[in-house]
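A.B. asks: Need the complex rebuilt from these two chains, each delivered in its own frame; the hints are there to steer you.
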Amino acid sequence: MPVNVFFMSLLWLRVAVLLYGVAALAVLPAALYDRPRWRHVAVPATVVALLFHFVSLAEMLNAAHHRLPVDTHETRALLGLLLAAAFLVVYWRYRTVSLGIFVLPICFLLGLIPAFNPGQETMPFPQFHTGWIFLHITLLLAAYAALLLSLLASVLYLIQERNLKSKYSAMNASWLPPLETTDQIALKSLLFGLPCMTAGLLIGSLIAQQTYGPSYFLDTKVLLSFAMWLAYVAMIFIRRHSGLRGRRAIYLSAFVFLVVLTVWSANQFSVVHRFTTP
Amino acid sequence: MSHDLNLVLLGVNHNTAPIEVRERLAIPAGRLADATRTLVHQPGVKEGLILSTCNRVELLTLQENGSSTHADLLRFLQEYFAITPASLTPHLYEYREREAVRHLFRVASSLDSMVVGEPQILGQVKESYTVAREVGAVAGTLDSLVQRAFTVAKKVRSETQIGSNSVSIASVAVDLARKIFGSLDGKTVLLVGAGKMSELAARHLIQQGASNILVANRTIERAEKIAEQFRGQVVPFEALYDQAARADIVISSTGAPQKLFDRSHGQHFLHSRRNRPMFFIDIAVPRDVDPGMNEVEGCFVYDIDDLQQVAAANLADRSREAAAAETIVTREVEKYQQRVQSLDAAPAIRNLQEHAEVIRQGELRRSSGKLAGLTEEQQAAVDALTRSLINKFLHAPMTALREAARDGDAQALQDLETLYTNQSRNKTGQTNR
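If you read the sequences in order, they're chains X and G.
Using the working numbering, the first residue of the first sequence is number -19, and each one after it goes up by one.
Using the working numbering, the first residue of the second sequence is number 7, and each one after it goes up by one.
The shape of chain G in the complex, shown without the other chains (with noise of 0.2 Å):
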């Protein structure tokens, strides 16, 4: 009697799909709904969901007993994204029940993900969900199972560290300035040079609040694309050490041959902010910042080496708060597992308590004229006392039907349910009669 939910899980991901394969099943937003209907409308499909992100594409859904799941899944990707079974089949994943619930658990807590912690992945999978119920595609088993996955997703973020330390250069960078500014509402960002891992960090620094942004530059037109894609101001280089002061935060990757500041330059800075700190983010090499620098009071020089060791020393930490949120998952998918499975045990258990209190109001009948004597109080009490001795008799083999449920055996569950059932009902019959 084992509780199958009959959950199927197809997609391709990051890992078994390049791009090319990826792009042509991704489904934009407004999509969506549209893509789930058409699921929900395959033959043999009761539930589902499609989760659609830049690295995934799964189809999560729930099966009618017995039905094909597998090709009909295929076909339906086929048709709908008008792609060949040989382009992909041989980067298809599938996982059934157990697998899929602790997939599922996996992808939501962002243990799946191609950065491992990285928080985007939840909203997804919730706007996924959100669409789904839109469509009426969930009803009662995903849904729930989808609204466990989001418990374990957020049980995951607030009992490990993992998603607490930024693994890329550019958010590296801005959680070293928050660390020294707090807030960086406001504050000026000086880009000294050009560079696309200078300009990554600047919008990094610009989304966190910063808002002026001064950029420096040998050749001035350069300057001037980069100060309007940024709306910010031009300083001509010849200006650089007069202005650079005003930067809270400054960003060189120059490919100037010797450094372009040094110590007594950050002494000066700091002089002319009245000691106000100061952040130089040294992208270039070789370094425009004389590390030296870093021993000024008020000045910290990261290069970087620097900023790709933290961000090292960070992946090493999600890896380590990894392995512990994959335990979380698998105690969650056993406790998702149990529950599933001692559902099976409910309608055992609710036949022996009607057939018991069968009996009991049989016994009771057949006693009535006995008891006719008695006021009204005793036979509250006599009502009261059968009720209870029949629920201490059942505490057992229910106990026993709960357990048996929850290991998944379904031979004890069915040998439970005739031991006290039928024979008792057989029994009961003979008494009766």
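Next up, chain X with everything else stripped away, as it sits in the complex (with noise of 0.2 Å):
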């Protein structure tokens, strides 16, 4: 990649980063104290952090076809350009900030790795498969932002149930969006990420069966991974078939969320998948 062009991706991904960390800020106001003026500050800064943290994986990807997310770093900056992404949805569908409470700080961490110390691992794969390989990390990590994204409307949920049950904190917690709302991004979200998921590993199973034959098949990181799909299954038809709702689907969520920490880690035990990626 030519350095100038390095250089300057880095600079729009620093750019990205420190507007993260003004959104994650401005947002709580708008949201803990009641001070509605601050989301003009916070959903903006977010909307323009995403436009330069788009722009600079653009010009990584337009200056060297081979370079893809694959370090660590990087792949940690591009699931929080998609957490980003998330939020925004949100936002534009249920007017609530709330979520931007944990979302937009876990961007800013995302990024800021990434952005001060970039990594230099390349990736091994013949070039012709470079758009594929891309489509199944950024499908695999719009999943993972999804049953994160899931997992932190459950949170609310809980919260905000919790106060109602209160009683006379009820109306003091005025940040919580409504538990039917909650309970709809929870829910919308995991249905967004099942096809993510489903779709990314079938590119990445047939990268796979072209690449590596069916012994890839037999691979602990990918027995793991169609375990983790199986469970986002599971936890669907539980969620849609039983309305669980509250603590339980926390639990749930967490669940599968400590599946999808374990599949990622499993490429340290991987034969054949020994990558950063998902």
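Worth flagging that the hints you see were computed from the coordinates, not collected in a lab.
Since this is a predicted model, take the numbers as computed values, not measurements.
Careful, some of the hints might be misleading.
To be verified - Once the Cα atoms are required to be at most 25 Å apart in a straight line, the calculated DSS-like pairs of lysine-lysine come out as: (1) G:K265 <-> X:K145; (2) G:K231 <-> G:K202; (3) G:K160 <-> G:K341; (4) X:K147 <-> G:K265; (5) X:K147 <-> G:K202; (6) G:K161 <-> G:K341; (7) G:K52 <-> G:K132; (8) G:K160 <-> G:K132; (9) G:K265 <-> G:K202.
Claimed, not checked - If you want the footprint, here are the derived chain G segments under chain X, 3+ residues with CB under 8 Å: (10) 174 to 187; (11) 279 to 285; (12) 364 to 375.
Think of the CB as a built atom: it goes at the ideal place given N, C-alpha and C, for glycine as much as any other residue.
C.D. replies: See below:
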């Protein structure tokens, strides 16, 4: 990659991280201190940060076709981008910034290290797979982002439920979205995440089939990935058919999230999938 | 040289007059234009506006200098409403100048309302203003004053939480329902038993979008009557437990001596609803809903005491916010007053500037012969130089004039003007001679 493009890409990422930081701070008075005007800082800052982040990523990929978000830090930055996009979608649909209390600091932290300490790893795949691999990574990260968002929404649900049960503090927490809204966010995030995960795993499987052959499918990482998909499907099934909400929904989401983390960390034990990406 | 607006506000409100007096003075919306027109045709009234709500009738007028005001306005009230002075005078209040401004700001900000922070009053002031504008009863001064009152009211709304929390049982119930369900559009409400409070709560919920009303009552005729009133559907009392799970919100107010709904009912309803939340508003005394049901995940039970405590807490919050709002109003009255008073300095400043310009032009003319040899550029430089000197010289007296006007110090204003215009005029006259 040309050096100047690399530096520009890094510069845009730093600007994006700075703006995520601004948005993460601005969302606090907007959500927690009943100062709705601060959302006029938090939301535009996130939008601009997302644009800079996207430009940074596009410049990097455009300048060097083989360079994918393969480094752990770069993967985290991409996850941050997807989470920020999810936050904006939720804001646009439900007009609530409450999730930003958790999501925006996560975006800031996920972007911080790659912005100031970029990785140097390269992808040892042939050129012609680059687009598919990128899609594989992006779709899986989108599924993870959806799961994280769902988990956070479930936490908000639980807090709101506790508030309403305690009665006298019911009207104090005005920053919390209504129960049905958080429930919708939690469920719709999962429903969005499932096709992403399915497509991401399918693309990964096809690439592996072409590159390594059937032996790939006996690898621990790969088996765990399919177990993760099953857990994801089971979670959605349970939530939809028993109307699981509140505390038990959090336990379930947290369990699947743990499975996701296990799958990600299984790269360390995998024989064939020894990358830092999902 | 103090600048009085000749502003007079005369009226009655819920604190000073009983409903019997207020209803005699109330002006229907259709007659407001005529009443306002009649008001500004009273002797001495330059501009006028009438605010008529169920809790107050107020005349805000801008008087001509030296007019008798109170007597004229009182006569207008007596004649227009055909009411005797004896039944009106004891309830009237009158505010003038600064106090009238303050009262208007407080009224628009809902600080003078029966329920402090209620939002309707601002709309009512706006309606009165619109009518007064349409009939040409407000122009410069009153126009800007009322506009200022709107700005202050908006400021109070945005900088305090004065109107954010509900203070009536019915509206608290609606707020809680919104915290559970978000939008109430299409939600089903089950009314168990009959009572004014439960009907009021149901009406509030319908206003917010709840559309399906179910009514269960031991007396079927009564149930039918209520159902007809809300365009709802009757649920036979015997089928209550089978049908209750259909409702998102249950308002219960029967006179039953024992509980109608217990914890196991809650579990059963939630199971049937696949854990979709249910909100129980228990207005009955003795209670209809076992408080233990609140422990069932997805069931939210609020009895009359819970609702009253939330309303009381909200009212206490409003009182705290009202104190902050009063501070804003006081500050804004001060600012408005300063602005009005600073207008006093304007003629003196204009006088001073014109006078200085006359001197400058005179001096330039006197030296025109000596400056004739200068190029156009050099002449422009001399012009700019003299202008700059004059501006620098005038800066201090102009600031002093503005400060004197802001402090309402009429004597200082007069002295400064005399010092800088009359004296210098004399000197200029001598110099010119």
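A.B. asks: Run every hint past the structure and note whether it holds.
C.D. replies: Structure-based check of all given hints:
{"no.": "1", "hint": "G:K265 <-> X:K145", "in the structure": "holds, 20 Å"}
{"no.": "2", "hint": "G:K231 <-> G:K202", "in the structure": "holds, 13 Å"}
{"no.": "3", "hint": "G:K160 <-> G:K341", "in the structure": "holds, 16 Å"}
{"no.": "4", "hint": "X:K147 <-> G:K265", "in the structure": "holds, 20 Å"}
{"no.": "5", "hint": "X:K147 <-> G:K202", "in the structure": "holds, 24 Å"}
{"no.": "6", "hint": "G:K161 <-> G:K341", "in the structure": "holds, 14 Å"}
{"no.": "7", "hint": "G:K52 <-> G:K132", "in the structure": "holds, 20 Å"}
{"no.": "8", "hint": "G:K160 <-> G:K132", "in the structure": "holds, 12 Å"}
{"no.": "9", "hint": "G:K265 <-> G:K202", "in the structure": "holds, 20 Å"}
{"no.": "10", "hint": "174 to 187", "in the structure": "holds (count 7)"}
{"no.": "11", "hint": "279 to 285", "in the structure": "holds (count 5)"}
{"no.": "12", "hint": "364 to 375", "in the structure": "violated (count 0)"}
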